[in-house]
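2 protein chains.
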Amino acid sequence: MKYNFYAGPAILPKEAIDNSIEAIKNFAGTGLSLLEISHRSKEFDAAMLDAQATVKRLLNVPDGYEVLFLGGGASTQFLMVAYNFLEKKAAYLDTGAWASKAIKEAKLFGEVAVVASSKDKNYSYIPKGFSIPDDADYLHITTNNTIYGTEILEDFDVNIPLIADMSSDFMSRPVDVSKYDMIYAGAQKNVGPAGTSVIIIKKDALGKVSRTLPTMMNYQTHIDKGSMFNTPPVYAVYTVLQTLKWLEKQGGVEGIEKVNIEKADLLYGEIERNKLFVPTVEPGSRSRMNVCFVMNENYKDLDKEFLDFATSKDIMGIKGHRSVGGFRASIYNALPKSSIEYLIGVMQEFEKKH
Amino acid sequence: MKYNFYAGPAILPKEAIDNSIEAIKNFAGTGLSLLEISHRSKEFDAAMLDAQATVKRLLNVPDGYEVLFLGGGASTQFLMVAYNFLEKKAAYLDTGAWASKAIKEAKLFGEVAVVASSKDKNYSYIPKGFSIPDDADYLHITTNNTIYGTEILEDFDVNIPLIADMSSDFMSRPVDVSKYDMIYAGAQKNVGPAGTSVIIIKKDALGKVSRTLPTMMNYQTHIDKGSMFNTPPVYAVYTVLQTLKWLEKQGGVEGIEKVNIEKADLLYGEIERNKLFVPTVEPGSRSRMNVCFVMNENYKDLDKEFLDFATSKDIMGIKGHRSVGGFRASIYNALPKSSIEYLIGVMQEFEKKH
Numbered sequence: 575m576k577y578n579f580y581a582g583p584a585i586l587p588k589e590a591i592d593n594s595i596e597a598i599k600n601f602a603g604t605g606l607s608l609l610e611i612s613h614r615s616k617e618f619d620a621a622m623l624d625a626q627a628t629v630k631r632l633l634n635v636p637d638g639y640e641v642l643f644l645g646g647g648a649s650t651q652f653l654m655v656a657y658n659f660l661e662k663k664a665a666y667l668d669t670g671a672w673a674s675k676a677i678k679e680a681k682l683f684g685e686v687a688v689v690a691s692s693k694d695k696n697y698s699y700i701p702k703g704f705s706i707p708d709d710a711d712y713l714h715i716t717t718n719n720t721i722y723g724t725e726i727l728e729d730f731d732v733n734i735p736l737i738a739d740m741s742s743d744f745m746s747r748p749v750d751v752s753k754y755d756m757i758y759a760g761a762q763k764n765v766g767p768a769g770t771s772v773i774i775i776k777k778d779a780l781g782k783v784s785r786t787l788p789t790m791m792n793y794q795t796h797i798d799k800g801s802m803f804n805t806p807p808v809y810a811v812y813t814v815l816q817t818l819k820w821l822e823k824q825g826g827v828e829g830i831e832k833v834n835i836e837k838a839d840l841l842y843g844e845i846e847r848n849k850l851f852v853p854t855v856e857p858g859s860r861s862r863m864n865v866c867f868v869m870n871e872n873y874k875d876l877d878k879e880f881l882d883f884a885t886s887k888d889i890m891g892i893k894g895h896r897s898v899g900g901f902r903a904s905i906y907n908a909l910p911k912s913s914i915e916y917l918i919g920v921m922q923e924f925e926k927k928h
Numbered sequence: 575m576k577y578n579f580y581a582g583p584a585i586l587p588k589e590a591i592d593n594s595i596e597a598i599k600n601f602a603g604t605g606l607s608l609l610e611i612s613h614r615s616k617e618f619d620a621a622m623l624d625a626q627a628t629v630k631r632l633l634n635v636p637d638g639y640e641v642l643f644l645g646g647g648a649s650t651q652f653l654m655v656a657y658n659f660l661e662k663k664a665a666y667l668d669t670g671a672w673a674s675k676a677i678k679e680a681k682l683f684g685e686v687a688v689v690a691s692s693k694d695k696n697y698s699y700i701p702k703g704f705s706i707p708d709d710a711d712y713l714h715i716t717t718n719n720t721i722y723g724t725e726i727l728e729d730f731d732v733n734i735p736l737i738a739d740m741s742s743d744f745m746s747r748p749v750d751v752s753k754y755d756m757i758y759a760g761a762q763k764n765v766g767p768a769g770t771s772v773i774i775i776k777k778d779a780l781g782k783v784s785r786t787l788p789t790m791m792n793y794q795t796h797i798d799k800g801s802m803f804n805t806p807p808v809y810a811v812y813t814v815l816q817t818l819k820w821l822e823k824q825g826g827v828e829g830i831e832k833v834n835i836e837k838a839d840l841l842y843g844e845i846e847r848n849k850l851f852v853p854t855v856e857p858g859s860r861s862r863m864n865v866c867f868v869m870n871e872n873y874k875d876l877d878k879e880f881l882d883f884a885t886s887k888d889i890m891g892i893k894g895h896r897s898v899g900g901f902r903a904s905i906y907n908a909l910p911k912s913s914i915e916y917l918i919g920v921m922q923e924f925e926k927k928h
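Top line first, the protein sequences correspond to chains P and H. The end of the first sequence is residue 928 by our numbering, with every number in the run present. The end of the second sequence is residue 928 by our numbering, with every number in the run present.
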């Protein structure tokens, strides 16, 4: 058995994977594979509607919002957000590499006010107490920063529309959707395989920019056609649905949040306790999804040895991103608490050796 | 057993589907699922390189071209083509609904000269003998028109750059890639499941427009990063690779073209012979991929009866598109000749009843 701590694409529930295989063999009793059936068939249409409804149910999405499944990844959303919402000026919170990429795209469409940045300390904290320009069309935030291991755990109260990239903590906790005009997430962390993004969008928020939008870049196109304007990424959408159905059985986002808190507390606790390691992120900004840590000052040269030791114990994907170094354990929804306990055991065994 | 004549997503080789299931269970001996492994892992990196190399091998792609796998569907390519290549004026051949959609996007970026259109006869033929403006940045064609069942079977010789949407006949015959600046195709017809597009692009052709391109819309972004600028649609790319490996075993595009000609000849032959049916497309413009036919004048009222009869015989997906009516049998690479023979048998049985 392998212990999968990859940052994304990442661990998924076995049940979701197994159900997707069954559908590849024989989809919804049609005698055809999920890969070979028209997206206009009544069977896939039902799956798409079910996926949208399940997102709404899990996050208690209020009336007036639509759920979309689009290809092209969250990086395409950086562009679409600006295309659809940025008329004159937008506000962005700079909490890391992905936030910076979103900022870069927005600058092609208008003025960008960066309200705060944690770049000064290699993005190891979430900025607080910044002010937001009243005349901005929206504030864009990245709620979880996969590379640096920081997370915004509350829903901001702001006086302008709020748009959040939740790619790496989507569905890991309850969210008050009514506080957002739009939430988006690449599926390949908490809710499915690579290949689709999930978008929750307030319908009233659209139609306020004066530019002409290319068809595929226009959220209204996809709302009007229920995410079926063109052929959607069928398999990815279906597997997201299976992942969300598993999540419902775990007590939904309320249930999984409890487990996620337990898991994160356990692992950060061990990192703080173990003489060999230190966390890279300030308390109060630490992510429950991506736990970053490095070797303690006196043990700097053990970096590679620990990585090799962990690998020899079937731990996969804990090498830190090159921007931070050290280690990163990604502990998304589908990672069981027992895997955290196993990793802690390996960390303690390594500590005893030194 | 079902006989799958869907227009897309469509029938795939069983071997490709089975291999993709094996990879979902345990990818490349990693002990992890293809769905759960980092796209930066050396195992997936190898699969991506293999997929690119296999496309190049199959179509004998000359030096100076790159192969890309991008999400968002061919509809996103309508936009990206214009973004990347249209400086002042572009020429488009209007052979159907998808060509018209490509034209609509291009008009957002510059002048569009429609060099010819077959709209006058409900797109039932491929226009010939049209002239192409010398000062256009490129000519865009749609080589196969899924809805109407027409196909351009030769590689045009033109004096300006040629760009082709080959979504529904990609890899069904040899193509002289050197005659094109770009070829693109949604995978979900001949080469894989929905979720990725395959793009073959001449590197020298880029960088000639003066506008600033959004990162994800810029082909250069994806060339520079080998289709891994952001997380690619991992499962779809891998399954395309399996489909292409199957194609190589069929003798590549040269081998499959022979079978495709046989299959199309058989079916059109029966439609011509059978007193109940007539083809909708003129000889010389008929697609080898999508065979459209309707009830003969005297048997118009048998439309629904034939559809029900075929369905009762486990034939799936032959209802014609609403723009044409009647029937459409999509007979892509993976559809065996025996399925054509079976369909013909059903048509003859129906003929005997009337």
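The hints are simulated quantities; they were obtained by calculation from the structure and are not laboratory data. Worth double-checking, as some hints may not be accurate.
Claimed, not checked - Short derived list, chain H residues pointing at chain P, Cβ under 7 Å:
| hint | residue |
| --- | --- |
| 1 | Pro587 |
| 2 | Ile591 |
| 3 | Ser649 |
Unchecked claim - Which bits of chain P does chain H cover? Going by a derived footprint, with three or more residues having C-beta under 8 Å, they are:
| hint | region |
| --- | --- |
| 4 | 672-684 |
| 5 | 731-745 |
| 6 | 827-839 |
| 7 | 894-906 |
| 8 | 917-923 |
To be verified - A few chain H residues facing chain P, derived, Cβ under 10 Å:
| hint | residue |
| --- | --- |
| 9 | Ile734 |
| 10 | Leu736 |
| 11 | Lys776 |
| 12 | Leu850 |
Note that CB positions come from ideal geometry on N, CA and C, so glycine has one too.
The hints, checked one at a time:
| no. | hint | in the structure |
| --- | --- | --- |
| 1 | Pro587 | 10 Å, violated |
| 2 | Ile591 | 6 Å, holds |
| 3 | Ser649 | 4 Å, holds |
| 4 | 672-684 | holds (count 4) |
| 5 | 731-745 | violated (count 0) |
| 6 | 827-839 | violated (count 0) |
| 7 | 894-906 | violated (count 0) |
| 8 | 917-923 | violated (count 0) |
| 9 | Ile734 | 23 Å, violated |
| 10 | Leu736 | 23 Å, violated |
| 11 | Lys776 | 23 Å, violated |
| 12 | Leu850 | 25 Å, violated |
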